[in-house]
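K.L.:
Both chains come to you apart, so use the hints to assemble them.
Those protein sequence lines, which keep their order, are chains A and B.
Be aware that the first sequence starts at 75, since it is given in the numbering used here, and climbs by one per residue.
Be aware that the second sequence starts at 18, since it is given in the numbering used here, and climbs by one per residue.
Just so you know, these hints were derived from the structure itself, not from any lab.
A hint or two may mislead.
One side only, chain B facing chain A, incomplete, derived with CB under 10 angstroms [to be verified]: (1) P24; (2) G40; (3) D48; (4) A52; (5) A58; (6) V63; (7) Q192; (8) H193; (9) A202; (10) R205.
Ideal Cβ positions, reconstructed from N, Cα and C, are used throughout, including at glycine.
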Amino acid sequence: MTWMLAALALVVVLALPASRDALEGVMAAHMLVQIPLLALAGAMAACGVPLAWRTRIAAWNRRGVSGTALALLASSWWMVPRALDLALASPAMEVTKFATLPLLVGAPLALSWRPLGGVGQGFVLANVLPMWAVVGWLYAVAPVRLCNFYLADQQVAAGIGLLVASVTVGATTGFLAFRSIAPAR
Amino acid sequence: MRDLVLPWRRTAAATLALCLIVGALIAYGTDGFRAMTSEQARRNAVARAPRLVPAVALEDQDGRRFTLADYRGQLLAVNFVYTRCRALCTLSSAGFERLDREERGRAADGTRRLALVSISFDSSDTPERLREYATRRSADGRTWRFARIRDSGARAALLEAFGIVVIPMPPADFQHNAAVHLMDADGRLARVLDLDATALDVRRELESMTDAHRVATATDR
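For reference, chain B alone in the conformation it holds in the complex (with noise of 0.2 angstroms):
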């Protein structure tokens, strides 16, 4: 038996160590084995810590100057979308005309608290072709209003601040990551859900949330 056994003793050790230490570095490169993919990376790393992202210039369907940080006390969601899109844009905006229609039905009780911003990454979207798209949208551009971003550098930051990788596909699309971007009461990108997300799942969120944020003010204390 030790005949047997003896030879082994340091392949043995040698595989139990080579397998520990790699498989540690594939569980840390893939957030302990819970992110195979970049876009839940992001998702995970954004709901451990809700992160600030730059108030760049937007200008709406309307032509109207404003930030994301104009929405600070309020809760906001975020997508990207750019106007011509036939295909993730379609359905990340159909996710948000339901979002906008059931927040409407809570408005006529007086609790609505959510608001839309659609941001496009294309710079040929004019705010003719914004309005135009919010129309098809039955948006009404006030508590759901859509975006271009006109300086290039301020595009590049932003998308890069919310972890959005935009591939141009000539002649003129784009393949990008699509989400539902919440952002908290500190206008900070707090959570990234799927882009079909409802009232419901986006309710849930926002309770962790501010569930999440009474532990951190508690222990602050």
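Chain A on its own, in the form it takes in the complex (with noise of 0.2 angstroms):
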């Protein structure tokens, strides 16, 4: 209940119109700041499934198979441009961008990480980072403005983001895991 009450917060703070203005007016805070929040909400009230509920889902949801792909596919939109200006742009896309990230992305992945397993997260990171990078060049070094809404200078520093997120995770993840794997001296 505490996890639940906790990501409705987050979703609210989210919501308040100066964050929104600030963070939205970045294109790197949108894509990097907020969008990843609103995720992290729904990862936070994941945890505050109840157990019984944790066990109807995990029925359909094996080896974390059916969240992952969800959440893959459904976090991708968010890398078009065309979502970014259309969250902008129209307040139902904004609504959708409040509702799906928690729901269909940070939800989803929460409640099937553990079950996927080292190879399954391994081969997770190993998609998705390689693909932040690529778009993540391709906003950096497009020689036209992919968003109306947003300056290209910031369409820029949005893509250098995207590649530093993408090496940060994976260099970070990669020490842990290699840590867990050596032998203790």
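P.N.:
This is the structure:
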């Protein structure tokens, strides 16, 4: 229950006009702060799912396969330049963003991550991180402006941010994975 | 084998259903994966369904009043610029300059059909500034006119109809999407082309437009 309330509080804070203006005014903050935080809210909510429900969901989500597929597919939409424009231009798409990132990305991923196991997690990261890097690189070097609502230099900053995020997450998880399998001295 | 497969039935069904649903939504959001950017979506939408644009009052570089509706029955290409622009509009105007030259060459043998209008979305662009800009672009001010929109409400309505998003960039610049907008003989926005479209590209589009028109009128009967 506490987790659910905390998740709800996070979504409410992100939905405040002041924080929306601040985060959505900058493309990098939109993509790399607001969107991940909304997914995080979903992950927090997943921690509050009662055990009985978890078991019921797990029958449909063996080894976290369906939840991971859902989260990967739903999150890929938010790397499409048009999606960012639509979220700014249409209130309906903005509401969709606030609903789908917690429910279709964060929560399913949190419910699936442990069942995936080490190999599954590695497989997911090996797919997702290069995708971030490629999208980031495309944003950074695109000769045209991809979003009507963001300036060209913002697009470059967001692209570099995505690249940095990809490398950072990759290096961190790689280090942690190595440490966990390395023999203790 | 049964023991291996059976427990996965629900997960397989859930995975398939979720991927189909989310995939269909993404396909819808990207025009069937054909529009990853708003600009491409705008072009697809215009090509699919030509749209009427409001006949807002324009004033050209010589102070003459007119509207885009005056061009009905003619073929017209429109672009959006502001005279102080040093980036995209420069490219867009260079494209129009070439189109104008190519069309002028055609005029000699009497086949000129395409008129050009450059509309400024900058409220500080005066007829004087537009005239100076036209001279710099060696435009004659008749077949290629430069116009401003005096009323700010009308300006917003016209930009909205064309799908042009203008973001002010202090102190005196703007970021905006730029393209060649082709109007058909009914005065509708019918095609949006890259800003470096050549006369050949325009001809090709005009032909596909008249073909589409012929099909439409044939089915009407």
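K.L.:
Give a verdict on every hint.
P.N.:
Taking the hints in turn, this is what the structure says about them:
Because the closest C-beta pair between P24 (chain B) and chain A is about 6 angstroms apart, less than 10 angstroms, the hint holds. Hint status for G40 (chain B): holds, given a least beta-carbon distance of 6 angstroms to chain A, under 10 angstroms. The beta carbon of D48 (chain B) is positioned within 10 angstroms of a beta carbon in chain A (closest approach about 9 angstroms), and the interface hint is therefore held. For A52 (chain B), the interface hint holds, since its Cβ comes within 10 angstroms of a Cβ in chain A; the closest pair sits about 6 angstroms apart.
For A58 (chain B), the interface hint holds, the least distance from its beta-carbon to any beta-carbon of chain A being 6 angstroms, beneath 10 angstroms. For V63 (chain B), the interface hint is violated, the least distance from its beta-carbon to any beta-carbon of chain A being 15 angstroms, above 10 angstroms. Interface hint status for Q192 (chain B): upheld, as the beta-carbon distance to the closest one in chain A is roughly 5 angstroms, under 10 angstroms. Taking 10 angstroms as the C-beta cut-off, the interface hint given for H193 (chain B) holds, the closest approach to chain A being about 8 angstroms.
Checking A202 (chain B) against chain A: minimum C-beta separation of about 29 angstroms lies over 10 angstroms; hint violated. With its C-beta approaching chain A no nearer than about 22 angstroms, R205 (chain B) sits outside the 10 angstroms limit, and its interface hint is violated.
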